[in-house]
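**Student:** Sequence:
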Amino acid sequence: MSKDSIKVNAYFKTAVKKEVDYLTDNLILSEKQKKIFTMYYLENQCIDFIADSVNSSRSSVCTELKIIRDRIMKLI
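Residues in the sequence shown are numbered from 1 upward in steps of one, following my numbering.
You can trust all of the hints, since none of them are fake.
Calculated pairs, DSS-like style, for lysine-lysine (alpha carbon to alpha carbon, straight line, at most 27 Å):
#1 Lys35 / Lys7
#2 Lys18 / Lys3
#3 Lys32 / Lys74
#4 Lys66 / Lys7
#5 Lys7 / Lys17
#6 Lys34 / Lys7
#7 Lys13 / Lys3
If you anchor each label on the Cβ, the simulated ranges turn out as follows:
#8 Asn9 / Arg58: 15 to 25 Å
#9 Asn55 / Val16: 32 to 42 Å
#10 Ser59 / Val16: 30 to 40 Å
#11 Ile6 / Leu27: 12 to 22 Å
#12 Arg58 / Lys18: 30 to 40 Å
No lab work stands behind these hints: they were computed from the structure.
The beta-carbon is built from N, C-alpha and C at its ideal position, and this holds for glycine as well.
Let the hints inform the model, and build the full structure from the sequences given.
**Tutor:** If you want it as structure tokens, here you go:
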């Protein structure tokens, strides 16, 4: 697991609603990325379930999560 992944995951474990709202309001994401962000970080869904839900491969979801993490790191 990358250093950024660890930091973002730790952030979401301790974040309060106000902090999460700030992120969701300020992250610039495509509709697909918003859905992946919500399912992974807010609903704690597994990557395989998300891939099925957004009609993508597991590796595509992982790539999108990397992009999302990079954008989150700029805000936290």
